[in-house]
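One line per chain: the protein sequences are A and B, in this order.
Following our numbering, the numbering of the first sequence begins with 1 at its first residue and continues without gaps.
Following our numbering, the numbering of the second sequence begins with 1 at its first residue and continues without gaps.
It cannot be assumed that every hint is accurate.
[What the hints assert, rightly or not] Here are the computed distance ranges between Cβ atoms for each label pair:
{"#": "1", "chain 1": "A", "residue 1": "Pro346", "chain 2": "B", "residue 2": "His151", "range": "31 to 39 Å"}
{"#": "2", "chain 1": "B", "residue 1": "His151", "chain 2": "A", "residue 2": "Gly228", "range": "28 to 36 Å"}
{"#": "3", "chain 1": "A", "residue 1": "Gly49", "chain 2": "B", "residue 2": "Phe208", "range": "45 to 53 Å"}
{"#": "4", "chain 1": "B", "residue 1": "Ser30", "chain 2": "A", "residue 2": "Lys62", "range": "21 to 29 Å"}
Hints in this document: simulated from the structure, not taken from any laboratory.
Note that the structure is predicted; figures quoted are calculated from it, not measured.
We treat Cβ as the ideally placed atom computed from N, Cα and C, and that holds for glycine.
Residue strings, one per chain:
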Amino acid sequence: MNKRIVPGLLLTAILTVLFFSSCTKQTEKKEAQSKDYSVALFIPGVVAGSPTYEMMVRGAKKAISEIPNGKIKVIEGGYNQGEWLEKLTVIAASREYDLIVSTNPAMPAISAEVSKQFPQQKFFLLDGFLEGNNSIYTFRYNQKEQGFLGGYFAGLVTTSTMEGANKDLKIGLIAGQEYPDMMQAILPGFKAGAAAANTNISVDFRVVGNWYDAEKARSLAASIYDSGADIILTIAGGANQGVITAGRNLGKYVLMYDVSSYDDAPGIIAGSTIIRQEKAAYEKIKEAIAGKMKFGSADIADVKGGWVSFDNKHPLYQKNIPQDVKDKLQEMLNRFESGTLSLKMPVYLGK
Amino acid sequence: MNSVSGSSIKTVAVTLVAAVSIPVILLALSSEDPLQSITFFFTGPFQSTYNLGNMLDNTAMLILTGLGMSIAFRAGTFNLGGEGQVYAGAITAVIISLNIGNTAGFTGIVIVLTAGLLTGALIAGISGFLKKQWNTDELISTFLLSGAIIHLTDFLIANPFRDRSSFLISTEKIPEKLFLYKLMGSSHLNISFFLSIAAVFLAYIFLFKSTTGYEIRLTGLNRKFVEYGGIPYKRHLVIPMLISGGMYGLAGSFSVLGNFHMGIKGFTAGLGWNGIAVTLIAGNNPIFIIPGALIFAYLEAGTEVAMIHSDLSFEFSNLIKAVIFFLITAKRFKLRRKVTLG
């Protein structure tokens with residue numbers, strides 16, 4: 001049997017290679033064209049199912065499509081955090097890309113490690129913070145303000161007369177994991193926002209322990225709702241679905257983060273803070289192409305600059321939320337947008 | 001002693017040709033620029049010392065895990081708990097390293113490696129003991145125990161040993177004096193490569209040149225015959241499991257001291273299962289574990305480089321690995337069935 005299989009497989013392999021080597025001329029022609037700017041988009045996870053990654057990819061592709069001979073490659077790093085450093089190093093080692101773009105608070109430290117070996121490689125990192133490395137430019141969102149807007153809205157909901165709201169002054173926050181941004185910016189911002197609505201509101205904070213376990217998130221959410229909360233802010237990636245399921249089962253509300261997704265669960269998703277990730281990727285990559293990216297510096301994008309906001313224009317929001325809540329939230333947004341109110345992002349260095 | 005027979009060479013050759021052909025065909029079918037993808041797949045691992053070094057480091061880990069599986073197979077037992085044993089060996093290495101204090105580098109490294117090895121051995125040994133005492137199916141017990149151990153290790157990394165200042169779900173970094181000596185620039189290749197190869201020869205000598213090894217192999221071939229011959233075969237249900245688990249645990253601690261230098265949630269994932277694939281490529285022969293591991297590491301590195309340089313997606317690279325794994329396993333089971341029927 002082996003005698004028959006070996007030549008058979010060998011023949012298949014050889015024929016396949018021969019067949020495709022006939023395409024060589026075409027490929028050579030392609031390579032002969034010079035490439036003006038090439039970008040590697042490193043996704044610390046996978047794109048499918050993650051709206052923030054999808055936004056970044058869209059923005060980056062748009063920026064690259066506007067230049068002749070621009071090249072972009074989306075590289076998915078997968079969920080094993082232990083592999084990200086090696087994969088990023090391989091990308092830098094290829095010396096094929098003018099710019100590596102990524103998004104995640106963990107990426108600055110990983111990129112700085114790669115930068116030690118490949119100092120010529122430039123990085124543009126969204127949603128992360130690092131100052132003083134001349135190869136790296138970071139652009140993070142003011143998550144304290146974003147958390148504040150979420151907390152204020154949740155506070156307005158729990159004190160409202162909405163159908164799913166009870167008398168208890170309790171709201172929840174479910175996170176995928178504990179990380180510096182969460183503990184030092186989002187959670188304090190969320191609490192401060194809730195207190196701005198009513199100082200007696202208490203926040204029930206729980207951690208899933210990963211970004212995918214929807215069943216665990218569902219049971220955590222159910223327990224928070226059971227204890228009297230009527231709205232939960234969920235920042236747990238794929239596990240968000242579990243929180244939405246719990247909200248649907250118990251007739252309670254869910255507050256989303258980063259991406260407006262009212263249509264996923266009409267009537268259950270009561271509100272959503274948003275970040276302009278697509279715009280950031282597009283505009284900043286255009287800057288990099290033009291040679292104007294400020295490598296070595298770290299920008300913070302806030303509500304006033306239009307990078308962070310609350311999606312209060314969506315028809316489902318307009319339909320489901322009482323007018324007094326809408327008015328109060330708009331008033332708060334106006335204060336941030338005009339600059340009369342701003343919150344400082346804490347400066348800290350995570351690893 | 002037909003340890004390196006003609007038929008086993010042929011089996012390995014068939015498996016290798018199949019393992020290389022499948023990715024080529026899949027890449028050809030999926031990629032917009034198949035020639036580029038295939039070229040990167042084959043030449044990528046050799047394009048830089050970084051890629052080459054990492055591939056060889058992965059080879060070293062696969063040699064150990066393949067060896068772990070192979071020894072269990074030889075004794076006629078199965079150890080499907082490799083994933084948990086590697087992970088447990090790794091977290092033990094991390095915990096000991098973080099608490100080792102001022103112990104000098106070399107002594108410290110020996111302590112950490114021994115602890116990792118013993119952890120893996122202990123976990124697999126439990127399944128061996130259960131088999132010996134109550135004839136509990138080790139196929140099930142190793143697998144179930146591993147499932148529990150993985151969750152426990154996840155918990156240890158995410159809670160008591162978590163570095164709260166890190167954005168990753170990880171422990172703190174281990175002291176630098178415990179890092180294994182690197183052999184090829186900035187790549188992960190380190191002295192564990194030579195130690196792994198040495199382990200293969202030690203395993204070979206143990207299995208084919210020692211009385212216990214002979215008894216273990218005999219137990220694997222025919223348990224009833226061994227019992228009839230007056231050999232205490234029950235002992236050989238535990239010893240191979242101890243060695244097998246020990247190899248997995250050692251691989252885990254090597255990956256901590258040589259590569260990751262910390263515990264990251266899920267960081268050794270895949271090493272245990274891939275060890276089975278390596279053993280099957282090697283036709284269950286310890287000496288062939290080295291080329292088997294090299295081939296598997298080459299295929300892994302090839303898909304990774306192809307993914308970075310061409311339009312191959314993350315899911316598709318995993319699909320290629322899965323197809324290779326499936327093919328190798330199916331082939332092996334077909335042979336096994338033939339042997340049984342024959």
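Problem set entry | Numbers of unmet hints, in rising order | Violated hints: none at all, because every hint is consistent with the structure.
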